[in-house]
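One line per chain: the protein sequences are A and B, in this order.
First residue of the first sequence? That's 1 in this note's numbering, and the numbers climb one at a time after it.
First residue of the second sequence? That's 1 in this note's numbering, and the numbers climb one at a time after it.
Hints were generated in silico from the structure; no laboratory data involved.
A virtual CB, placed ideally from N, CA and C, is assigned to each residue, including glycine.
Be a bit skeptical, because a hint or two may be false.
Across the chosen pairs, the derived CB separations fall in these ranges [unchecked claim]:
hint, chain 1, residue 1, chain 2, residue 2, range
1, A, 183, B, 278, 48 to 58 Å
2, B, 5, A, 110, 42 to 52 Å
3, A, 212, B, 188, 44 to 54 Å
4, A, 279, B, 4, 41 to 51 Å
5, B, 270, A, 276, 18 to 28 Å
Calculated lysine to aspartate or glutamate pairs in the DMTMM-like style (CA-CA distance at most 25 Å, straight line) [unchecked claim]:
hint, chain 1, residue 1, chain 2, residue 2
6, A, 175, B, 184
7, A, 175, B, 182
8, B, 175, B, 263
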Amino acid sequence: MSFVAAQILNGIATGMLYALMGLGLSLITGILNIPNFAHGALFAVGAYLLASAANEIGNFWIALVVAPLGVALLGLAIEYVGIRRLYAVGHDYQLLFTFGLALILSESIILIWGPVGYSYLPPPILRGGLDLGFTFYPKYRLFVMVMAGLLVLVTWLFLEKTRYGAIMRAGIENKEMVSLLGIDIHKLFTVAFALGAYLAGIAGALTVPIRGVNPGMGVDMLGIAFVVVALGGLGNLLGAIAAGLIIGVAQALVAAYWTEASTVVIYAVMAAVLLVRPQGLFGIR
Amino acid sequence: MKRPFILILVSIFLLPLVVRPAIASEIWIFAIFGLGLNLLLGYTGLLSFGQSTFFGSAAYVAGWLLKFYGINAFLALGIGVGVGAASAALVGYLCVQRSGLYFIMLTFALNQLFYFTAYQWTSVTGGEDGMPGIPRPVLLGIDFKDPLVYYAFVSVLFLISLYAMKRIVESPLGKILQAIRENEIRAEAVGYNVPRFKLLAFIIGGAFSGLAGVLYAMLFGIVPLEAISFVFSGNVVFATLIGGSGSLYGPVIGSFVFIWLSESVSTLWARWPLLLGMAFVIVVLFLRGGIVEAWSRFWLWRSSKQKN
Chain A
1 MSFVAAQILN GIATGMLYAL MGLGLSLITG ILNIPNFAHG ALFAVGAYLL
51 ASAANEIGNF WIALVVAPLG VALLGLAIEY VGIRRLYAVG HDYQLLFTFG
101 LALILSESII LIWGPVGYSY LPPPILRGGL DLGFTFYPKY RLFVMVMAGL
151 LVLVTWLFLE KTRYGAIMRA GIENKEMVSL LGIDIHKLFT VAFALGAYLA
201 GIAGALTVPI RGVNPGMGVD MLGIAFVVVA LGGLGNLLGA IAAGLIIGVA
251 QALVAAYWTE ASTVVIYAVM AAVLLVRPQG LFGIR
Chain B
1 MKRPFILILV SIFLLPLVVR PAIASEIWIF AIFGLGLNLL LGYTGLLSFG
51 QSTFFGSAAY VAGWLLKFYG INAFLALGIG VGVGAASAAL VGYLCVQRSG
101 LYFIMLTFAL NQLFYFTAYQ WTSVTGGEDG MPGIPRPVLL GIDFKDPLVY
151 YAFVSVLFLI SLYAMKRIVE SPLGKILQAI RENEIRAEAV GYNVPRFKLL
201 AFIIGGAFSG LAGVLYAMLF GIVPLEAISF VFSGNVVFAT LIGGSGSLYG
251 PVIGSFVFIW LSESVSTLWA RWPLLLGMAF VIVVLFLRGG IVEAWSRFWL
301 WRSSKQKN
């Protein structure tokens, strides 16, 4: 029983990371109306930046602050230099552009850090486990749950309780109306992309002590982020969390009994949900 | 109308003189793959980023039957077309119910479902190592092991595919698909069942992909894992877009350029996807419209100069 409980906890921890990925992607996709195929690569860059920064500085916490900010800056630059010119063209060219970026980023990772991945230990205070009564559980994973939960909460507060968050939600609903009201829509786009990139970057950074880094991590995460958005709906915070937790827990439970199927199950769950509810969990658009 | 056809015929004859027959065959195989995608992308306005699902599934199934049961080449091609169409029907059923960005993301996610299945099902697919040992069967006493003979076989199938696709896009069905591309709501209002026609386009596109997949497996004697991965899905989208998705011949020209370039560059540098990514970015920022459009713009520019 405690084994199943531990697996469910594992699922919640990875599920929260999936939710962060999906949330960032759904902000970018919802507001900019582009298919962001570079989202997984941004996740991978966040992970590698954390590993490098933590090794250079020798402090995990500073690295955890710096690495996602680096990814956000990268996102800012990508929007400002490239994507900004592509709002008027079709999704096909936008896709090609972001896919090209993903290739450039993931190949650059191989050129800079090498083709072989490596693992990374959590900071000393978060090593070892904690007795939760029903099971003994790694501290770092508990930290990831709390941290991801806080990030989701802050994003939610930002979107629901601040003026700029309200503008962002309005941007998802109706861009023309927002710009008619005198709001600089281009600035909104830049901010949204940087914010989405930040969330991908911090999800990547938080993953490192659990799974280490490897050049393929970006693509794997891209598909998962798509699943979260397809199930949860664009710009739907609750949807992203629900979808992230469902596939995270499903994956962890299947991994316990049938390891080979643990990745396939993510997509199988998505297909099954869509068979019953083609419009996704909460049925927007 | 006649001129492109003659150009293609001439290139079919000249190509093996310039490049290795294997690459020449790959070009026309990829062109068949591109024709299938372009029915979706160019004619129906559906950007599918999961075409390798059908290409790879057909290659694996037909490859398995060729390898262990030594089936006849025509049967293998037929099975490939069937598997391509059937897998496209499954994927399409889930995808056509959503539109826009959701649609694109779903095609990719379902592609991942098939990819990871192939990746993990090592007893059948060979996982990361691919499925080797696929024979090129002897047919009607002709030995397809000779690369040039196989090239001729591929070329004939390519011409048949091109003709079939031409007939499809010029048929009433093709016109309905184009109507959906132009204005989905209006097509619905006129009384067409839009999701059903989208699904039909998906299935036809899948059949072409399946044919290409089996030819690819027989050409190289192996089904590599990439054949069912997002890499192939992306490559065919790119090839079609550089050729120009607005024309029937766009994907043909695109795969010609794409395969030729990638086969010559990928042998030089292992990190060539980096260059590919840069090419994507440059094409999107500066050369939108593809080769066909650039070519017609060039002719327009020339004829306007001659008039002056």
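List, from low to high, the hint numbers that the structure doesn't satisfy. Failing hints, ascending: 1, 5 and 8.
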